[in-house]
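Chemist: Heads up: the sequence shown begins at 0 in numbering that gives the first Met the number 0, then just goes up one per residue.
None of these hints come from the bench; they were simulated from the model. Owing to the predicted nature of the structure, the values given are computational and were not obtained by experimental measurement. We put the CB at the ideal spot given by N, CA and C, even for glycine. Check each hint, because a few of them may be wrong.
[Unchecked claim] Cβ-Cβ distance ranges computed for the label pairs, FRET-style:
(1) M107 <-> L29: 31 to 39 Å
(2) L29 <-> Q112: 26 to 34 Å
(3) A119 <-> S61: 32 to 40 Å
(4) S126 <-> A56: 41 to 49 Å
[Claimed, not checked] Below 27 Å or equal to it, Euclidean Cα-Cα: the simulated DSS-like pairs (lysine-lysine) are:
(5) K28 <-> K91
(6) K120 <-> K86
(7) K98 <-> K86
(8) K28 <-> K98
(9) K28 <-> K92
(10) K28 <-> K86
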Amino acid sequence: MRVNRNLQPTFPMPICTIQSTSLSPDTRKLLAAQLTEALQSAFQLDGEYQIFFNEYAPNAVSHNGTLAAPCLPIFSAECPPIPVERKEVLVKKITELLKAAYSSSDAMMFFRQYPLENVAKSGLLLSRQRERIETATGVHA
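Generate coordinates for the entire structure from the input sequences, incorporating the hints supplied.
Modeler: Okay, structure coming up:
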């Protein structure tokens with residue numbers, strides 16, 4: 000039995016944040032598209048992939064006590080758990096993208112993983128949304 004894509008739950012995760020100095024609008028747009036593609040490949044969810052850019056002027060960032068020093072971009076994600084093998088591929092891809100976009104030697108990443116019973120959207124736990132879709136369609140989402 001095929002699943003009606005209109006019945007599939009969309010998950011409001013992952014929600015990602017990048018903290019660093021500012022990028023040009025074109026670079027930010029390209030990075031957002033590339034990161035979304037990498038996230039979709041890793042999480043394999045019909046989701047709402049959101050990326051927030053927290054950008055700072057160079058003189059508003061201190062590294063080891065020095066203002067306007069080069070700093071590492073910091074990537075964080077609020078996300079469901081995924082297998083470690085996919086996360087390793089994702090980490091390598093994100094590192095590559097951040098290093099290129101920010102002309103940085105490296106990047107830091109933090110993943111905060113949430114089981115679906117710990118996340119809600121539209122007043123319903125995501126674990127219950129998945130159960131409801133599976134019951135309605137007879138197919139495991």
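Chemist: Evaluate each hint against the coordinates.
Modeler: Tested hints:
A C-beta distance of roughly 21 Å is found between M107 and L29, which places it outside the suggested range of 31 to 39 Å. Between L29 and Q112 the C-beta distance comes to about 27 Å, which sits within the given range of 26 to 34 Å. At about 37 Å, the beta-carbon gap between A119 and S61 stays in the expected band of 32 to 40 Å. As the Cβ distance of S126 to A56 is approximately 42 Å, the hint placing it in 41 to 49 Å holds.
Using a Cα cut-off of 27 Å, the hinted pair K28 and K91 holds, with the two alpha carbons roughly 20 Å apart. Pair hint K120 plus K86 holds up; C-alpha atoms about 24 Å apart against a cutoff of 27 Å. Restraint check for K98 and K86: the C-alpha separation of about 18 Å stays at or below 27 Å, so the hint holds. The straight-line distance between the Cα atoms of K28 and K98 is roughly 16 Å, inside the 27 Å bound, and the hint therefore holds.
Between K28 and K92 the alpha-carbon distance is near 17 Å, which keeps this suggested pair within the 27 Å criterion. Under the criterion of a C-alpha separation no larger than 27 Å, the hint pairing K28 with K86 is consistent with the structure, at around 23 Å.
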